[in-house]
Amino acid sequence: MSHSGKAYIAGIYEHPTRRADHLTTAQLHAEVTLGALADAGLRLEDVDGYFCGADAPGLGALTMAEYIGLNRLRHVDSTESGGSAYLLHVMHAAQAIAAGQCDVALITMADRPLAAGTGTRLAGVDRNTLPNLPFMAPSPPMPMYGYAMVAQRHMHDYGTRPEDLAWVRVAASHHAQHNPHAVHRQVVTVEDVLASSIVADPLHRLDCCVMTDGGGAIVMVRPEIARRLKRPLVNVRGAGSAVQHSQGGEINLTHSAARHSGAQAFAQAGVHPRDIRYASIYDSFTITVIVQLEDLGFCAKGEGGRFVTDGNLISGQGRLPFNTDGGGLCNNHPGNKGGMTKILEAVRQCRGEAHPAVQVPDHSLVLANGIGGSLAGMHAAGTLILEAQ
Amino acid sequence: MNSPKRPDKSTSAPAPAGFDAPFWEAAREGRLLLRHCPACQRLHHYPRPHCPFCGHASTEWREVSGHGHVHASTRVERAPRPTAPAIVELAEGPRISSAVLDADVHALRIGDPVQVRFVPGESGALALAFTTPQAEAARRYSRAARAALGQPDAAAAQAAQALQHAAVIGAGHMGSGIALALLAGGLQVVLIDPKDEALQGARERMTQALSDEVTRGRLSASDMADRLQRLRTAGGLPDAAGAQLVIEAVFEDMALKQSVFAELDRIVGPDALLASNTSTLDVGAIAAATAHPERVLGLHFFNPAQRMRLVEVVRAPSTGAPALDLARALVQRLGKVPVVVGICHGFVGNRLMITREREAARLLLEGALPEQIDRVQRQFGLPMGTFELQDMAGGIALTYHARRKAGQSDWLIEQLFARGRLGLRAGKGYYRYEPGQRRPMPDPEVRALIEQASAEAGVQRRRIGDDEIRDRLFLLMINEGTRLIEEGMVERPSDIDVVWQLGYGWPDWKGGPMYHADQLGLAQVQARLQALQAAHGERFAPSAQLARCVREGRSLTSHTS
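Top line first, the protein sequences correspond to chains S and L.
FYI, in my numbering the residues of the first sequence are 1 to 389.
FYI, in my numbering the residues of the second sequence are 1 to 561.
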């Protein structure tokens, strides 16, 4: 069922903090809520649908509903799929609004792994309950090792080069220089990336995203409310999600679930990758971007490395500007979950409200894609195609 | 009464004895079980009672080869044990997300063969992992090399068991470490030093070392008390009178050692064994100072002596067979591994290490930096590089004093020494160290000094590749090892590998320098040495032993495995 034209993104907010030493996670959720409602021109009492992931402390959506003061909820959804959860939330919220389950849906994300010193762990996810835990090797469970293997296999199968990976970071750094909140604002070169230390061969330190605290929120509403709100209309024209895992022993390192989520979203939107003018692409690591660009159909499988070289992802010069806020590589990656911030920048672009230096001129159709979990193991992909109306 | 909960290492099954119990039973025998679905005929990992492909409610265990190849891999940098997270594709098809451990992970490539290896994980329970056939072969060789050392005869073993009283002369770091080793072996020990403060310091160090062991749960408090009770300190050699075994660990000075041994020879009983812990001096000359040189030999302990398992048993020409056998048996009684070596500068272990250090110093002058040279050695498989090691062991001061004693000068060493760059304890040496951190950090000051050293020596610095560093360090060691064989300094070539494994951390998955030479191929080693000889001088000239092996088509170690 297409929900295009039946649900609009009306408000967004990104928390400016990158390290929340003096805020609790619940406070962060509340602050991003108020920010997104203010952006939309709505109030707490208007919210009747609430969506959050496992970073929301307490019991699913309930604790945050109570803490924030969402007093007339009739629809809740605590879908957790790692960093892609928020793309799935937008899809679910659009469906719920289209089905009349709620009128004003709020989606929040916030966490503080830096302040809490919890490293790359995902809040609310208990690794000790993994049924395959006893069968895992005595090796550190860091995400970078899985992505390093994706990169190695991609290089082996398709001739992708370390320089290609580096171009993704270079493009992100070109965008981040204009974002005063970005963790890394200095523009880097391919040589800088290759000269940074190896963290997990073949990945360099600059191939990896930042780790930050923070969060963001999105408000979605029925068309009648959206038109009343004097904000640019951002229609969720297409959405898709898909799950992939080790499939009983058929691990596929170079192909992600974005093949299926992307196809679903494009089919629903009735558009093609060539119609997309801006893309927010999940960038936990540089290789993550290359695999998604292929799987979403921006280029053929194996061509991702060549696609991103020579600044092709840089706004104003490349064919497909991406992550114009600096992305997870340079701006922020709150709670080790980059999905929320991918959507936020896609909405800014769609509204024409990105930084003037990086705003794409034709912003009628933009895309956001997220990968949650690990490309090398289990993950969920979520794809959104947003349309300015 | 409630006692604090501790993880119980004795329960090795990772889950309550359930449906996966057969998996772990097979694992203990090194066999890998997957689940096979009788309905769709497919194999899956990790084990589940149902089939994750077709949904059939029950599946059965199926043993697989445990062999496969690398589908993809990466590496954990500076891991305590070589660890390559890897996707392994089993010969039977399924891909497993796992890791290749205890192997040459730097050389690992897509498509390389691997085989299953269950290893104890953090909790003590077995964990599923993989290793390479090359690493397995090297481990087999390493076991054979240890077995080839042989056992002293039963009479010597009995005599070693009967030893009760030992004396250690010299209460420095080595002396107190050796005393700890002897106490751990159940002997009564008198530690002798003319300086009261040295004895007091030694007692404090030993007590601290023992209480550290107690804290770590490796020693009971009563055992600690028992050991301290068996320790006595004294100020003069006459207190060694009742000792059946004396180990001397005084300052490295021939005249001093000779006078100590001459006096000991008169004091102790006629059957007592006299050993020197010298690492550089001629044990034969020390023995010659006594009336009974047949009972004199070297026992070269490695620092810290209470922990390091290697002891080089140095045989002088005058050493009698009974003394040698007794010494070997005693070292075994201490839970250590005796390797008999002949008399030469540095014996077996240090001779190769000094060779490597000198070449590393030349590489610094020619254009390399400590961090590059050390990285090459770590990537080769050693636990640390030569400069990190020297920083840890106070090598700059040792070299400084050794060079001065030999009347040689070394501009860089003198500069480092003069600037108090004495190593890890000083917070700076070849590297700098953050307070409380042991991780070596490259230091611009050292880089500048090295560059100046090159200028002082009139050497034009150049970019030196990793391959050249590896060849110059390790081929030179190999060549020096073959000279040890040629000179009869070892009983068998594989002894050199045992020394380097136990004394210097050469990994058992790489065998040792002599085994490594055989893996490279001796003709190849010879050819590369000749090329280095042409480029860098006579020190690379292949030894006669190496040339002979190549000519006769023999290997160094093949008879061992």
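Treat the hints loosely; a few may be bogus.
One side only, chain L facing chain S, incomplete, derived with CB under 10 Å [said to hold, decoys possible]:
| # | residue |
| --- | --- |
| 1 | S73 |
| 2 | I87 |
| 3 | P94 |
| 4 | H106 |
| 5 | I110 |
| 6 | R266 |
| 7 | P270 |
| 8 | A402 |
| 9 | K405 |
| 10 | G407 |
Honestly, the hints are just simulated from the structure, not real lab data.
No residue lacks a Cβ here, since even glycine has one placed at the ideal position from N, Cα and C.
- Message: For the restraint on L:K405, tell me whether the closest CB of chain S is nearer than 10 Å.
- Response: The hint is violated - L:K405 has no Cβ within 10 Å of chain S, the shortest such distance being about 40 Å.
- Task: Have a go at the L:P270 hint: is there a Cβ in chain S nearer than 10 Å to its own Cβ?
- Result: Result: violated, 55 Å to nearest chain S Cβ.
- Query: Against chain S, with CB atoms and a cut of 10 Å, does the hint on L:I87 hold up?
  - Reply: 6 Å, holds
- Task: Please verify that hint: L:R266, Cβ, nearest Cβ of chain S, below 10 Å or not.
- Result: At about 57 Å, which exceeds the 10 Å cut-off, the nearest Cβ of chain S leaves the hint on L:R266 violated.
- With a cut-off of 10 Å, does the beta carbon of L:H106 approach a beta carbon of chain S closely enough for the hint to hold? 9 Å, holds
- Can the hint on L:P94 be confirmed by a CB-to-CB distance to chain S that is less than 10 Å? Since chain S brings a Cβ to about 3 Å from L:P94, closer than 10 Å, the hint holds.
- Task: Identify whether the interface hint at L:A402 stands, where standing means a beta carbon of chain S within less than 10 Å of its own.
- Result: Interface hint status for L:A402: violated (35 Å vs cutoff 10 Å).
- Is the shortest C-beta separation between L:S73 and chain S less than 10 Å? L:S73 check passes; min Cβ-Cβ to chain S is 6 Å, inside 10 Å.
- Interface hint outcome for L:I110 [beta carbon to chain S under 10 Å]: OK, holds: L:I110 within 10 Å of chain S, min 5 Å.
- Item | Interface hint for L:G407, Cβ within 10 Å of any Cβ on chain S | It is violated, given that the least Cβ distance between L:G407 and chain S is near 43 Å, above 10 Å.
When the structure is compared with the earlier hints, violations turn up for hints 6, 7, 8, 9 and 10 and for no others.
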